[in-house]
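Listed here are the chains, written in short residue letters.
Number of protein chains: 2
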Amino acid sequence: MKARIHVYLKPGVLDPQGQAVSNSLNHLGFDEVTGVRQGKLIEIDLNTADAEEAQQRVSEMCDKLLANPVIENYDIELSA
Amino acid sequence: MKARIHVYLKPGVLDPQGQAVSNSLNHLGFDEVTGVRQGKLIEIDLNTADAEEAQQRVSEMCDKLLANPVIENYDIELSA
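One line per chain: the protein sequences are A and B, in this order. Residues in the first sequence are numbered from 2 upward in steps of one, following the working numbering. Residues in the second sequence are numbered from 2 upward in steps of one, following the working numbering.
Among these hints, one or two may not hold up.
Since the list gives no way to pick one copy over another, a pair counts as held whenever it fits inside one copy or between any two copies.
Below are the BS3-like pairs computed for lysine-lysine, each with C-alpha atoms no more than 27 angstroms apart in a straight line [stated by the list, open to error]:
(1) 41 <-> 11
(2) 3 <-> 41
(3) 3 <-> 65
(4) 65 <-> 41
Hints in this document: simulated from the structure, not taken from any laboratory. Predicted model, so just to flag it, every value in this text is computed and none were measured.
Given only the sequences and the hints, what does the whole structure look like? Please build it.
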């Protein structure tokens, strides 16, 4: 099965990369843009069929490697 | 309204970052991981209420700045 993970900065954590993208968009004439936050999208192929186990293992991967729990949140979507 | 954009490498394009994450996960004991692809997640706040116009403008932003159309695909989700 496949897991799609979104990793994004917690609210309140400064996001200079998003700020830079926001400024660039404004400079390009996209005046309707008022804010940008940038995160990571991680897609994992898993050699397992048990959704409950997969959810638990992927959470563990996020805590250990994929996200920095001090400044980032994540959510996980599983699909067959 | 808000736009959430996923930018990911086209199939067939080499993803060394994803490969590195995949190797690290295997080393940490997550043997069920068979492949990883890493992309970008971009969240934009828009000062507009017209969903159709927003969709069109955000596509333009992706083509001009946020994605590299030679090697990347993107999809856009809008929410109020």
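Hints and how they fare:
1. 41 <-> 11: both (13 angstroms within a copy, 16 angstroms between copies)
2. 3 <-> 41: both (16 angstroms within a copy, 17 angstroms between copies)
3. 3 <-> 65: within (19 angstroms within a copy, 30 angstroms between copies)
4. 65 <-> 41: both (16 angstroms within a copy, 20 angstroms between copies)
Violation of the numbered hints given earlier is absent; every hint is satisfied by the structure.
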